[in-house]
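Given only the sequences and the hints, what does the whole structure look like? Please build it.
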Amino acid sequence: MARFLARRLAGSALVLLGLSVVTFVLARVIPSNAAALYIGPRARPEDIARVTQQLGLDQPLPVQYLTYLRAVLSGDLGTSIGTKQPVLGELVGRLPASLELIAVAMLIAIPVGIGLGVLSARWQGRAPDFIVRIASIVGVSMPAFWLALLLQIVFFRQLDLLPLTGRTDADLRFIAPIVPVTGFYLVDSLLGGNPTAFIDAARHIVLPALTLAAYPVGLIARMTRSAMLEVLDQDYIRTARAFGLRDRLVVYRLGLRNAMPPVLTVIGLTLAYALTGTFFVEIVFNWPGLGTFAVRSLLNVDYPAVMGITLFGAAGYVLINLLVDLGQAWLDPRVRLT
Amino acid sequence: MDRSTAGPGASRTTRRLGVLFGILVLVAAACGSSTSPAPSTTATSAPTDAPPAATPSGPLVLKVATTANVTTWDPIKSFSTEALYMANIYEPLLWVNPPGAADQFSPGLATSWSTSADGLTWTFKLRSGATFHDGEPVTAEAVKRSFEAAADHAGASFIWLPLDTVEATDASTVTLHLKYAAAADLIASSLYGAWIVSPKALDAVAADENYFEAGVDGGSGPYTIESFTADKEVLLTRYDAYWGGWSDVQHYDKILLTITPEAVVQQQMLDGGEADMALSIPLENIGQYKTNADFTFIEEPSFFNYVGYFNVDKAPLDNVKVRQALSYAIPYEDIIAIGAQGYGTQSRGPVPAGVFPWSADVPQYTQDLAKAAQLLTEAGHEGGGFSLELTYASENQNEGRFAPLIKDAYAKIGVDVTLTPMQFNQQWERSKGDAAARQDMFLVLYWPTYSDAGSDNLWSLFHSSESPFFNLSYWNDAEFDTLVDDAGALTATDRDAALAKYVEAMKRLVDQAPGLFFYDTKFVMPLKNTIAGYQYNLNYPFAQFFYPLHPAS
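Chains A and B, in that order, give the protein sequences. Residue numbering for the first sequence follows this note's numbering, starting at 1 and increasing by one per position. Residue numbering for the second sequence follows this note's numbering, starting at 1001 and increasing by one per position.
These are computed hints drawn from the structure, not numbers from a lab. You may find that some hints are simply not true.
Claimed, not checked - Result set (EDC-like, lysine to aspartate or glutamate): computed pairs, CA atoms no more than 20 Å apart in a straight line:
(1) B:K1412 x B:E1382
(2) A:K84 x B:E1213
(3) B:K1432 x B:E1378
(4) B:K1432 x B:E1382
(5) B:K1321 x B:D1248
(6) B:K1432 x A:D58
(7) B:K1314 x B:E1466
(8) B:K1407 x B:E1389
(9) B:K1321 x B:E1378
(10) B:K1432 x A:E46
(11) B:K1407 x B:E1333
(12) B:K1321 x B:D1477
(13) B:K1321 x B:E1479
(14) B:K1432 x A:D171
(15) A:K84 x B:E1378
(16) A:K84 x B:E1233
(17) B:K1528 x A:D171
(18) A:K84 x B:E1209
(19) B:K1507 x B:E1479
(20) B:K1412 x B:E1378
(21) B:K1314 x B:D1496
(22) B:K1371 x B:E1382
It should be emphasised that the depicted structure is a prediction, and the values quoted were computed from it without experimental measurement.
And the structure:
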């Protein structure tokens, strides 16, 4: 296990190193002058020259990369051109908003996806199966921004039930402010005994979370269905039925439990997907998380921010994959030997 | 596999994976908990951790959605979109009134002012009772230090080029001594480089150049910065000791400005009640508010206009007849209809309507393709037959909309245009690089630094200089230069005579056509009828003044 762990860690480090090279080179080859961007419009040539020197952009590329790598290893992802603030601080400050959205989306996606998958498998070839399969395909293939707009039209414009954008009402801070503890507004408002804020935060998170959950619901439902069908076709299930065990016991106690490992692997991967899946969702709902920052940084050619986000996101992705791999290795000894 | 192996095995598997998922969730939660209390981008506090002392019903808050980012909080260096905030936090000596007002100026921190006959000495009497947000009184010494700092290192330091010395004549009198005659009243009312700053703040920034960047201020205006989260929001709160007072109407206690670069999201916020004012609604959608009874549709002239440059260093654009032909070929009406979605008026030269020295006497080109073809023939280019490259800023949607119209129109007279959209900073750099590799045509959205488009637009855009800064047609015309220089000197002492010179200069400019003058943009905004007291002033682009606003009764 130790060797497996060492191998996977070394692989992860290499992935991140490779990624840092690619993002660094890409940021340098795009036709844009970082120093001019940093100063803003109406930059004077002498100012551009000064900032070029300040930012070390007059150094050879390999020297710039080594300087960048040294800084990254010491936790410095550079300074955002757009906000003039340290990129790491920007990312860390926005992380709780994104994680809260992802957590709620996954809390919706996992039970709904598994439930639909079981329903589909149990009624294979019948109407419920057909409906779930169609719904799964729709969930997986529907663009998030389109679903987001659809939900906004229905729940805000037509029904006037839920707010359109934001994480809370702008007035909330003046009426029932949330005292930050975890950065998760739902949790913090509960910890602070602030029901007004909890209800407001909950109302705001429903639509973005539903949008973000659509893809994982479809994926989990499909995986659950196929895993369940495979398990339900096993001899021991047939034997259990032959012994007269109740159908509910066979399906849920024996079938679902044994179908869960691949489903949980998919859940792990969709969690990683959600890190980047939030980008569109956050923009449409003006959600102040990593996604909004990422999209704005891309549009502003804020290359230190884009590089930081890429590395940050990749590190998250690698970490989750690593944990999934380790989990599989822990559960299945055969994995450790390969 | 029998039941005895399937059941417990599956149970263990599920438990283990459940533990794994739990770890993932804990890692995620830990990331949140370890970071959220003090995001480094928040100047004073996280948005929700420092609640104001709210009354039971809470303070009166105006929520504004804006694109205006903060490139710096330093009022001396400020030369960008943060002007929106600066204009509510700081004050100049004078404010320029919008066109049509009885007086050209309104008092700011100066209540009276005068100039010597030669325009070289300007005296300003300061308002009594005005204080900075740090409690210090506004004195002549503070004005002196502010202007000296601005002349030394302001983003717009060039507006103080005429300044020789500043004298604090007494505690409430400031005298400006100029090197040459200039309109110091206009300069002192600039949106950039003319804010009066607390000496304490100037001392602090001298010791630490990033002093202001934490989101602190040293102004004397009606509002002060309560909190700031870079790229996200600015919360302004009223300065109780503001000299203007707070009791005449029910002013807003706080202004919550959400920085939202996406115009369509601003519209969503306005429609969804998350914003009371949205300063940038997409032009293609904004018309729907004209018929909405809940809104007043504000449509006013602005400080901005779209200008094009011909590179007169390159053939065939070095031929005046070719430039005139290309000016006649432009579909001005279509450009306003499509580029500006109808919210614009055709320019008369490079000075926007309503700004000195705009004049209705300056001629315009109208599209006349026959005339254009005839001029090309006279220039020896019958049927066109040449190609041009036009660069424009890819981030400017309006330019993206109307640049293809230029290409189509020029195709009709046999001129092929290659459109090259690029980031403005690239476009800007290329225009100053190797002369042989420069563009043939360049589109730009321009606005003057202060309310004198003679010394700015006319001088900056077309006056010759050793190394071009904004004169990106590289035009060098001695007659134009002389007219503009003479007019600039007259502005301080005889504004009518200055105007006459400037008009003459603009007539020559239009005739010689080193550039294209497309349209002056309009400021358009739907304003909720629940808000009263709105005052628009085209002299302060990017700025909105929140102090006069109050809830409609």
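Consistency of the hints with the structure:
This hinted pair checks out: K1412 of chain B and E1382 of chain B have alpha carbons roughly 13 Å apart, not beyond 20 Å. As the CA atoms of K84 of chain A and E1213 of chain B are separated by approximately 9 Å, the hinted pair is consistent with the 20 Å bound. With a C-alpha separation of about 32 Å, the suggested pairing of K1432 of chain B with E1378 of chain B is violated against the 20 Å cut-off. Taken as a hint, the K1432 of chain B and E1382 of chain B pair is broken in the structure, with Cα atoms around 32 Å apart against an allowance of 20 Å.
Under the criterion of a C-alpha separation no larger than 20 Å, the hint pairing K1321 of chain B with D1248 of chain B is inconsistent with the structure, at around 61 Å. For the given pair, K1432 of chain B sits about 19 Å from D58 of chain A by alpha-carbon distance, which is consistent with the 20 Å threshold. Straight-line distance between C-alpha atoms of K1314 of chain B and E1466 of chain B comes to about 18 Å, which keeps the hinted pair within the 20 Å bound. With a C-alpha separation of about 10 Å, the suggested pair K1407 of chain B and E1389 of chain B falls inside the 20 Å cut-off, and the hint holds.
At roughly 7 Å between alpha-carbon atoms, K1321 of chain B and E1378 of chain B fall within 20 Å of each other, so this suggested pair holds. At most 20 Å may separate the alpha-carbon atoms for a hinted pair to count; K1432 of chain B and E46 of chain A meet this at roughly 12 Å. Simply put, K1407 of chain B and E1333 of chain B have alpha-carbon atoms about 15 Å apart, close enough for the 20 Å limit, and the pair holds. With a CA separation close to 16 Å, the supplied pair K1321 of chain B and D1477 of chain B stays within the 20 Å bound.
Note on K1321 of chain B and E1479 of chain B: the hinted pairing holds, with a Cα-Cα distance of about 18 Å set against a maximum of 20 Å. Note on K1432 of chain B and D171 of chain A: the hinted pairing is violated, with a Cα-Cα distance of about 48 Å set against a maximum of 20 Å. A C-alpha spacing of about 54 Å is found between K84 of chain A and E1378 of chain B, which places the hinted pair above 20 Å, so the restraint is violated. At most 20 Å may separate the alpha-carbon atoms for a hinted pair to count; K84 of chain A and E1233 of chain B meet this at roughly 15 Å.
A C-alpha spacing of about 17 Å is found between K1528 of chain B and D171 of chain A, which places the hinted pair at or below 20 Å, so the restraint holds. A hinted pair counts as satisfied when its Cα atoms are at most 20 Å apart, and K84 of chain A with E1209 of chain B qualifies at roughly 14 Å. For the hint linking K1507 of chain B to E1479 of chain B, the alpha-carbon distance of about 11 Å falls within 20 Å, and the restraint holds. Only pairs whose Cα atoms come within 20 Å are accepted, and K1412 of chain B paired with E1378 of chain B is accepted, the gap being roughly 17 Å.
Simply put, K1314 of chain B and D1496 of chain B have alpha-carbon atoms about 37 Å apart, too far for the 20 Å limit, and the pair is violated. Between K1371 of chain B and E1382 of chain B the alpha-carbon distance is near 12 Å, which keeps this suggested pair within the 20 Å criterion.
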